[in-house]
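*Asks:* Residue numbers (the working numbering), protein chains in the order written: chain A, 1 to 661; chain B, 1001 to 1150.
None of the hints are false.
As a list, the in silico DSSO-like pairs of lysine-lysine whose alpha-carbon atoms are at most 27 Å apart:
1) B/K1004 x A/K337
2) B/K1065 x A/K525
3) B/K1004 x A/K414
4) A/K337 x B/K1006
Just some of the chain B residues that point at chain A, by a computed CB distance under 10 Å:
5) R1003
6) L1024
7) A1028
8) F1029
9) I1072
Hints are computed from structural coordinates only; laboratory data are not their basis. Glycine included, C-beta positions come from ideal geometry on N, C-alpha and C.
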Amino acid sequence: MIIELGHYALVLALGVSLLQAVLPIIGALRGDRALMEIGTVAAKATFLLVAISFGVLTYAHVTSDFSVQNVWENSHSQIPLIYKFSGVWGNHEGSMLLWVLILTFFSALVALFGDNLPETLKANVLGVQAWIAAAFSLFILLTSNPFNRLLDAPGEGQDLNPVLQDIGLAIHPPLLYLGYVGFSVCFSFAIAALIEGRLDAAWARWVRPWTLAAWTCLTAGIAMGSYWAYYELGWGGWWFWDPVENASFIPWLAGTALLHSALVMEKREALKIWTVLLAIMTFSMSLLGTFLVRSGVLTSVHAFATDPTRGVFILMILILFIGGALSLFAFRAARLKAGGLFAPISREGALVFNNLILTTAAATVLTGTLYPLALEAVTGSKISVGPPFFNMTFGLLMLPLLLAVPFGPLLAWKRGDLLGVGQRLFAAVAIGLVVGSAVYYAQNGGPIMALFGIALGAYMIAGSLTELYLRSGLGKVTGAVALRRLSGLPRSVFGTALAHIGLGITLIGIVAVTAFETEHIVEMKPGMTTDAGGYTLRFDGLRNGNGPNYSEESGHFTISRAGVAVADVWSSKRFYTARRMPTTEAGIRTFGTSQLYVSLGDGMADGGVVVRIWWKPMILCIWGGALFMMAGGAVSLSDRRLRIGAPARAKKKKPVLEPAE
Amino acid sequence: MTRKQKRLAIIGGGVTFIVAAVLLVMFAFSQAIAYFYVPGDLAKAHLAPGTRIRLGGLVENGSLKRGDGMTITFSVTDTLDRVPVTYTGILPDLFREGQGVVAEGSFRDGSPVFVADTVLAKHDETYMPKDVADRLKAQGVSLGGKENIQ
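This is chain B alone, in the form it adopts within the complex:
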C-alpha cells in the first residue's frame, strides 16, 4: 500500500465506525429512554400502552396498601391529580407517605393503573428528586419549607 492508501484506510475505517456509533446512539435514544411525567401531565400526553415512563410526585397520604404477598399499591399525586400505582417487591428504605417518589414502569392496555418495576424514593431528609420538585413547582404546588431542595 502507498502512504496515501494507508492513510485512507485508517481514516475511512475510523469514519465508518464513528458513523455507526452515531446511528446506534440515535437508535437507542428512540428506543431506550423514558420520559418523565407528573400525574397532571398524563391526560394530555396520550401515551401508547406499554410505553415506559417515569412517574413522579408525592406518595398520597393514606394510599399505601399491601395486597396479597409482595404486591403493594399506592397513589402518586401532584396534589391536583392522582395515579394509582402497583409495585411488586421491596420498597426503598426512604419510601414514605407524603414524601417524594419516582416510579418507573408503564400503563397496561386500557388500565388506569400504573405498573411500576422500579421505585426510587428520596435519598435523605432534605432531598427530593429534582425532576419532581421542578415539575411540582411548575404545577404551582407549594413545597412548604423545602424550596431549597435539589
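The following block holds chain A by itself, in its conformation from the complex:
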C-alpha cells in the first residue's frame, strides 16, 4: 500500500508540474498576478510530492521489500544499512528519481528565495523548470518506474553491484546531480529572459549564485567520483577519460565558462548574448550527459542494463529542450541589446580568453566522446578514443589558459596594462622557477614537461596570492592597515583566489603523479620484501575473513623506511556471494600528500601471490585542489553582493491593487 502511495505521489507530481509549466507563463504574459503566484505554490508542492515518492522508495529499500522489482534487483537483506540507502540511487530507476527530486528541489528553492526577482521573471523561470520536471517524471513513469511490483515476492534480493557498495557511492551521485541539475536553474533563467526579451546586469547577478552553487556541487561530485574510482576499482587510476566521466566534465567546463562570463555581464553589461547561450549550452550538456549515461549508447561502467525505449525517450527530451531553447535563442537573441566594447587587453578580454579556451576544450572533449558513435553510424568501424587523444588535445588547449590565470584578476576593467601586470607577477614567475628547479634536483632530472607543469602550478598559486598581497598593500602600509584592507575586500576576491590556487594545486598533483609515480608488479611469498617510493614493504601473509555479505582474503604488509617499521596496510580481494562477483579492496597508506597503493592479484600454486604496488607521489593534491576550488565557490557564494543588492524587497511588500486583466 505504501509503495502505491509513492507511485501515486509521482503521478500527482507530474500533474502539478504540468500546471506549473503552463499557468505561470500565461500569467506572466497577461500580467495576471494570481496565475503567476501558482508557480510558487506548485513548485513547492511538486518538490513535496517527489520527496514523498523518493521517501517511499527509500523505505522499500531499507525494509528490503522484495515485492518491489527495483528493490529485488538492487538490494539484499544482508547488506549494511548504509548500502540499503545508497542502493536507492545505485540503479537506473532510482537515480532518475533522484534526478527529478533534485530538479524539483531547485525549483522549490527558486520559489522560496526568489522574492527579490521581478514577478514575471520568477513565473517564467518556474514555468521552464516545470517543463523539465514534467518531461523527466513522464520518462520515469513510462519507461523506468521504480515502483513496479513482482507478483510473487522473492525471499531474497539479487544484491547491489559490489563495486557500488562503498561509502563513496553513497555521496557521489547526489553531489554530482546537485551540480548537473543545478544548471537547470541557469537554463530556465536564460529561457525566461529570452521569453521576456529583456536582459540586464541584474539578470546576471541573479543567475550567478545558482551557477556558483551548481558549479561547487559539480566540482565536489566529480572529485568524489574520481577518488572513488581511484580507491575502489583497484587499478590505481584516478581519471580514465571514460565517456561517463566526460559527460560530467563537459558541463563542468561549460559551467566554469558561464561563471566567468556572467561576471563580465554583471560588471560591464557586455557578453550578454554569449552568456545566455552559455547558460543554455551548459544545461544542454548536462542533458546530453544524462542521455549518454542512461541510454546505454556508450560502453561504460555506469551504463546499467538498459533498453532502447529509454534511449529514444531521453533523446526526444534532449531534442525538445536543446532544439527548442536554441530556436528560441535564434529568434530572440537579436532583440537583446549587445553590450559595450572593451580593449582586447583588459579584464573583460581576459575573461573572453577564458571562455574561448574553456568552450573550445569542452567542444574537444565532446568531439572525442561522440566521435566513436558518429564513426560507427557512418562507416561501421569501431574505434576507441582514449586517454592519448584527450591528453594530447585537452592538455595542449588548456595550457595557455593556465598561464593566463594569474593575469586575469590583476588586469583592470576596460583597458588593462599587460606589461604592468607582468611586472607585478615577476615574483610569482620566480617562485615557479625555483620550485621547478628544486624538483629537478630532488628527482635528479625528470621529464622537462613535468618540471614545467609543476613550476606552472607553483606560479599559479603564487600568482593568485599576489593579487591578495597587492590589494592589501602589504609592504607599503603597516601590517594592521593591510589586515584591515584585506578583511574589507569583497568575499568574491577570496573566492577567486582560493579557486585559482586550487587549480594550481590540482595541476601539481596531476603532473607529479603522472610523471613520477612508480609501479611494481611482483610475486611475493610471506616474508619477502620489495621497495617502492623509498619505502620497503614486507608481505606478512594472507588471512581469510568474512563480511556481512562477502568473504575476503586479505594480505598484510608492513611498511618500513630505512629499516624502521612505520606503518602497515591490509589489502584484500573480496568475493560477494549473492552476485558471485569478486572485487579488489586496495590497501592505501598516506604519507603527507603521497600514497602507497597495494593491490592483491591472483594466488600462485606455490603459495605466493601477485602484488601490484604503486607509489603515488603527491596524489592527494589532485583532490586537495578540488577542495580549494569548492571552498572558493562557497566563499564567493557568501559574498554580500550576491545576497542583497538585487532590487529592493520593499517594493514587493506594498499591497498593489491592480485589476486583473
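Fit chain B to the supplied structure of chain A, relying on the hints for placement.
*Replies:* Quick look at chain B alone, frame taken from chain A:
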C-alpha cells in the same frame, strides 16, 4: 585602437585559436585512437606492426596459462578464429575463461602474438562490452541467453 580594430582583434584571435584547436583534434584523431577488431577481422585488416588496436572477444576455455613471473597468456576467440595474447600484470577481477574481454595493445613485428598492455573484462554478470557483443553477433556467434546484454 578604433572600435572596429578592437572587434577585429578579438574575433581574429578567437578564430585563430579555434582553427588551431580543430587542426589539433584532427591530428589527434589520426594518431591517438585505436580501432576495434575481433579475431575474424584481423586476416583482412592488414595492420602495420605496432599499430595500437583493441582486440575483443571471449577468453577461450582452457587457454589461460601463467608463464614465468607475472606474464600471462590466453587466447581471444570469436568462436571461429583465435588470437594468442600475452599480458604482463594483474588481470581485472572479472577476467574469466569463457567470458568477454577487450585487450588493448599491438602485434610486434611479424609475430602472431598480440601483446596487450591493458585488459578490460566485463563489469558484472550481465555485462559484456557492447563492442564485443555487436561484433560477435555480426559474426553470427550465438551469445546464448545473453542477447539483452549491453
